[in-house]
Amino acid sequence: MINSLLWTPLAFGLVGLFLPKRLIGWWAVLGTAVTAGIAIALLAGFDSGAAGLQDTVDVNWIPGLGVDYSLGIDGLNVFLVLLTAVVWLGGTAFAAFREQERPHLFFLMMLLGETATLGAFIAQDLLLFVLFFDLMLVPFYFLFGAWGSDREGGPTASAATLKMIVYTLIGSLLMLVGAIATAIIAADGGQITFSIAELAKHPVGDGSQQWIFWFFAAAFLVKMPAFLLHGWMPDAYRAAPLPVLAVFSGVLAKVGAYGFLRVVLPLFPAATVQFQTVVLLIALASILYGSVMAFTQTNVRLIGGYSSVAQLGFITAGIFALRADGADGAVLQMVNHGLVVAPLFIIVAILAERSGSEDLREMGGMAMRAPVLAALFLIVTLATLAMPGSANFIGEFYILNGLFQAKIVFAFVAISGVAMSAYYALRLYQRTMHNRRPDSVPSREIGLRDALVLVPLVLCIVGLALYPQLILKRTDTSVQESVAAATRGPAPQAQLAKR
Amino acid sequence: MSFHAPHIDYAALSPVIALTVGLCVVLISAVIGPLRRSAPMMTMSVLAATAGLLIAQWDDPTNLVSGALRLDDLAISISLIAIAAAAFAVLLSIREPAAEQAGSGEYHALLLGSVLGMVLLAQAQNLVSFFVAIETLSIPLYILCATDMIREKSLESGLKYLIVGSLGSATLLYGMAFLYGGSGSTDFLGISAGIGHGGLLGDPLVLVGIGMVAVGLAFKTSIAPFHQWTPDVYEGAPTPITAFMAVATKAAAFAVFIRFFDVALIGEAGDWQPALAVLAAVSIVVGNVGALGQSSLKRLLGYSGVAQAGYILGGLVVASEAGINAIVFYLAGYLFMNLAAFGVIVARERETAFGDDIRAVRGLGSERPLLAWPLTISMLALAGLPATVGFIGKLYLIEALVEGDYTWLAVFIAVGTMISLAYYLRVVAAMWMPSAQASATPAIAGASPEADPIDPDAGNRIYLVGPALLAAAGAVFFGVIPQPLVDFAQHAGASLF
Numbered sequence: 004m005i006n007s008l009l010w011t012p013l014a015f016g017l018v019g020l021f022l023p024k025r026l027i028g029w030w031a032v033l034g035t036a037v038t039a040g041i042a043i044a045l046l047a048g049f050d051s052g053a054a055g056l057q058d059t060v061d062v063n064w065i066p067g068l069g070v071d072y073s074l075g076i077d078g079l080n081v082f083l084v085l086l087t088a089v090v091w092l093g094g095t096a097f098a099a100f101r102e103q104e105r106p107h108l109f110f111l112m113m114l115l116g117e118t119a120t121l122g123a124f125i126a127q128d129l130l131l132f133v134l135f136f137d138l139m140l141v142p143f144y145f146l147f148g149a150w151g152s153d154r155e156g157g158p159t160a161s162a163a164t165l166k167m168i169v170y171t172l173i174g175s176l177l178m179l180v181g182a183i184a185t186a187i188i189a190a191d192g193g194q195i196t197f198s199i200a201e202l203a204k205h206p207v208g209d210g211s212q213q214w215i216f217w218f219f220a221a222a223f224l225v226k227m228p229a230f231l232l233h234g235w236m237p238d239a240y241r242a243a244p245l246p247v248l249a250v251f252s253g254v255l256a257k258v259g260a261y262g263f264l265r266v267v268l269p270l271f272p273a274a275t276v277q278f279q280t281v282v283l284l285i286a287l288a289s290i291l292y293g294s295v296m297a298f299t300q301t302n303v304r305l306i307g308g309y310s311s312v313a314q315l316g317f318i319t320a321g322i323f324a325l326r327a328d329g330a331d332g333a334v335l336q337m338v339n340h341g342l343v344v345a346p347l348f349i350i351v352a353i354l355a356e357r358s359g360s361e362d363l364r365e366m367g368g369m370a371m372r373a374p375v376l377a378a379l380f381l382i383v384t385l386a387t388l389a390m391p392g393s394a395n396f397i398g399e400f401y402i403l404n405g406l407f408q409a410k411i412v413f414a415f416v417a418i419s420g421v422a423m424s425a426y427y428a429l430r431l432y433q434r435t436m437h438n439r440r441p442d443s444v445p446s447r448e449i450g451l452r453d454a455l456v457l458v459p460l461v462l463c464i465v466g467l468a469l470y471p472q473l474i475l476k477r478t479d480t481s482v483q484e485s486v487a488a489a490t491r492g493p494a495p496q497a498q499l500a501k502r
Numbered sequence: 007m008s009f010h011a012p013h014i015d016y017a018a019l020s021p022v023i024a025l026t027v028g029l030c031v032v033l034i035s036a037v038i039g040p041l042r043r044s045a046p047m048m049t050m051s052v053l054a055a056t057a058g059l060l061i062a063q064w065d066d067p068t069n070l071v072s073g074a075l076r077l078d079d080l081a082i083s084i085s086l087i088a089i090a091a092a093a094f095a096v097l098l099s100i101r102e103p104a105a106e107q108a109g110s111g112e113y114h115a116l117l118l119g120s121v122l123g124m125v126l127l128a129q130a131q132n133l134v135s136f137f138v139a140i141e142t143l144s145i146p147l148y149i150l151c152a153t154d155m156i157r158e159k160s161l162e163s164g165l166k167y168l169i170v171g172s173l174g175s176a177t178l179l180y181g182m183a184f185l186y187g188g189s190g191s192t193d194f195l196g197i198s199a200g201i202g203h204g205g206l207l208g209d210p211l212v213l214v215g216i217g218m219v220a221v222g223l224a225f226k227t228s229i230a231p232f233h234q235w236t237p238d239v240y241e242g243a244p245t246p247i248t249a250f251m252a253v254a255t256k257a258a259a260f261a262v263f264i265r266f267f268d269v270a271l272i273g274e275a276g277d278w279q280p281a282l283a284v285l286a287a288v289s290i291v292v293g294n295v296g297a298l299g300q301s302s303l304k305r306l307l308g309y310s311g312v313a314q315a316g317y318i319l320g321g322l323v324v325a326s327e328a329g330i331n332a333i334v335f336y337l338a339g340y341l342f343m344n345l346a347a348f349g350v351i352v353a354r355e356r357e358t359a360f361g362d363d364i365r366a367v368r369g370l371g372s373e374r375p376l377l378a379w380p381l382t383i384s385m386l387a388l389a390g391l392p393a394t395v396g397f398i399g400k401l402y403l404i405e406a407l408v409e410g411d412y413t414w415l416a417v418f419i420a421v422g423t424m425i426s427l428a429y430y431l432r433v434v435a436a437m438w439m440p441s442a443q444a445s446a447t448p449a450i451a452g453a454s455p456e457a458d459p460i461d462p463d464a465g466n467r468i469y470l471v472g473p474a475l476l477a478a479a480g481a482v483f484f485g486v487i488p489q490p491l492v493d494f495a496q497h498a499g500a501s502l503f
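Residue numbers (the working numbering), protein chains in the order written: chain A, 4 to 502; chain B, 7 to 503.
Next up, chain A with everything else stripped away, as it sits in the complex:
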């Protein structure tokens, strides 16, 4: 089951190479739909009460090097897998409705991207995780570079993409060294294993944890991106084709946050506790910087991009509260943000097609003749600003709750991020949907095809708003496991006092 989940997209992509041009888009949509079906089946069979991994596969892959092909589902990744499948289905369908140049290669890369991302989420072997984490770059390198747009007076698509790749690989190559070092130090001359569960049982010494922690953190923080490591983001976001950007921003950023929960907290608990404040500071800086940038930008892509920086800052803060409630909220918020940002970029794509520009100043008045589009966008907007009643509200509430209990000062600063998110989200909505409509921009309802993509995604948002417990119930056990290692480390003050 889990094998078919992982390889279905790639298999469809490879078979698609032999299909005529006319059919390839639909074939790819079929592939992502089948994958989504498998993901839903996995969720249906998921036992929410059980601890540990479910539906595992564990085969010796390179026995000579101690690397296993080991996959599994637990509360941490089950919804991220579903998110990946759903968002990819939407993004691929949106792309399939439009004419693509060299469609065979485009959809092959889209589907390879899905396989790589799913692999990163379900890998239970540290090295396999690193492998899929790096592999994600390859399809997106092609997608951004070959189908992206060059910017007047700015870098070309291929230059922007190269910048992204170099940035991301700085982190992930160091992560490769870190992963190998972890396994070798833990083996201590014995049989080397990269199994995350095995390594978590015997964390390496505190001194080693300190530097390995940063090798991993660098990879994850660049991927998100976090403040100071986000240099690749503006150029890459402006170059990327929008359907691709929807899946990229919706899913790939979460792999970084997920990596903290899956790898860093369990494997490097002592270093996590030690550097908690530093990471929280980075997270807060991301929230503030991302929010401020988001409400000063006029390029709609960048508003989405910088708001992601802020949101990922929230998620990181939730994780590094090092409490179960904060991390629960972080997982919920990862799914929420993916579900919000993907339709956001698809709406941006629709708007940009009409106005021929991606600049806020050249948009407006769209709601006049397009009430359905406006309503859908409104739901997305309200979810983005974490309106009470949305699942995002629950997510941010959990995160802030965890942060309050852990570090109250940080929580106060983080709250300002919530306020600012209302400003940039509403500003985006108003300037595109309301205000005076420029003469050049036609206002018309979205077509049936685009609605087919957008409505299900928005329904997911609404569904989660009504029943966030769907996620929380299933993730809690695994999240507690992940956080437990870090909290168990040096005993907190309170526990000492009790003794």
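No lab work stands behind these hints, which were simulated from the structure alone. Check the hints yourself; a few may be wrong.
Unchecked claim - A few chain B positions that, by computed beta-carbon distances, are all more than 12 Å from chain A:
hint: 1; residue: P46
hint: 2; residue: G200
hint: 3; residue: I398
hint: 4; residue: D411
What the hints assert, rightly or not - The following label-pair restraints were derived from C-beta to C-beta distances:
hint: 5; chain 1: B; residue 1: G472; chain 2: A; residue 2: P459; range: 41 to 49 Å
hint: 6; chain 1: B; residue 1: I100; chain 2: A; residue 2: E356; range: 50 to 58 Å
hint: 7; chain 1: A; residue 1: W214; chain 2: B; residue 2: E373; range: 55 to 63 Å
hint: 8; chain 1: B; residue 1: G299; chain 2: A; residue 2: D50; range: 40 to 48 Å
hint: 9; chain 1: A; residue 1: T59; chain 2: B; residue 2: G276; range: 43 to 51 Å
As the structure is a computational prediction, the values presented were derived from the model and not from experiment. The beta-carbon is built from N, C-alpha and C at its ideal position, and this holds for glycine as well.
We have chain A already, so just place chain B on it with the hints.
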């Protein structure tokens, strides 16, 4: 009085004999009219026979010629890599102007001569056989580099290689003399015993000797700062020969590098490890930075070869079985990664007017996908991206380095790889991305010093596309299912420790 003939192990010597006989036959065939066109065919048969004879000796280590040679799995695996590279070069040489100008028979005989040197070098376990083998390897290569006789660059390349190569050989020989003086033996095991009590640092004679031998070997494997000849020679030599040199020379020289340091000097590992580690680090930096500004693909691969040599040297630094495994694995992977690229370069060289300039591959993705894919895979593999043999190779090396307490060198590999992306991906971008093509300088037909295309249909020739695709497929296959290649490499490592 009776005379006892020494026992000769003909079975174990058979690969060397097959190559020698084969090379004579190919050479003679050049003057026999009806056979004149059959040199490539005969060369391939000789290579196949040699490979078969080598594989027959797998897992059966033997000392030959009173211990001057040792045919073990390390020697066999390295020889097989060299033979595969030579077979590849023969295919790429079909209709190559150099082969026709020099005379097909002579050209192929020289190639076989060089392979003979490599097979011997991989087995050498004595300073004398070591030196004889390395000269047997080099001298045919000096000539082969200059075989494209109407091109000035080719002649320049041959001359440059001759001068620098001779300097390297002289240094090597001088060092060997010192070493013999210091240890009283030419045999690797004898040297190991000879310097056993004195120690490395205590005996300046031995120390100078080892230093000079290391420098000589660094010349041959193009390790910085002894690499300056590499880009020039690579660029000027006929491309099939460049492909052969890039893979086979490196493999053979590393084989003796391993044997010299891990057999003769294993007792003093602690003394030479830091020195080699510094060389490796310098090589990684110099190679990767040097490649950044190159527009000639062959020069680019030359510099990339310097960097890759640095990575591979890392496996030697740790002086462990895992290190040797990693080296052999990487060299085998390097065969696939590099040859896929060279196959494409040869094809484009013949069908465009741009020679080996990066402009020759511009827009290749939509024009000739069958050529674009091998080059793309090759670049991604050299850059060490996952799902290619390059990733597993780096993983293997880094694992060996961390295990051997050289984590800082592993970090150097990671940083070097990061720099290398900038130039590997530039080639990929030129092939697939429209913007990368538009931003470069506009193409002017005939701007290149090279002559007009010699074969406008080269991109469809099965003898060029086939090998390139095969090598690329190998690079992906062993990236996804690496275990067979890991087993192959582990045999090699196990033969020394």
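**Report entry** Cβ separation check - B:G200 to all of chain A, threshold 12 Å
**Finding:** holds, 32 Å
**Report entry** Supplied distance hint 55 to 63 Å, evaluated on CB atoms of A:W214 and B:E373
**Finding:** violated, 47 Å
Report task. Indicate whether the distance between the beta carbons of B:G472 and A:P459 respects the range 41 to 49 Å. Result -> Once the Cβ atoms are compared, 47 Å apart, the range 41 to 49 Å for A:P459 and B:G472 holds.
Report task. May I ask you to check that B:P46 keeps its beta-carbon over 12 Å from the closest beta-carbon of chain A? Result -> holds, 34 Å
Query raised in the report: Is 40 to 48 Å a correct range for the gap between the Cβ atoms of B:G299 and A:D50?
Result: Cβ of B:G299 to Cβ of A:D50: about 58 Å, so the range 40 to 48 Å is violated.
Requested in this report: Taking the shortest Cβ-to-Cβ distance between B:D411 and chain A, state whether it exceeds 12 Å.
Outcome: The assertion about B:D411 is violated, with a minimum of 10 Å to chain A.
Query raised in the report: For the pair B:I100 and A:E356, does the Cβ-Cβ distance stay inside 50 to 58 Å?
Result: holds, 52 Å
Query raised in the report: Does 43 to 51 Å hold as the CB distance between A:T59 and B:G276, or does it fail?
Result: holds, 44 Å
Query - Assertion that B:I398 lies farther than 12 Å from chain A (Cβ) - result: Non-interface label on B:I398 violated, nearest chain A Cβ at 7 Å vs cutoff 12 Å.
Hint compliance for this structure: hints 3, 4, 7, 8 are not met, and every other hint is.
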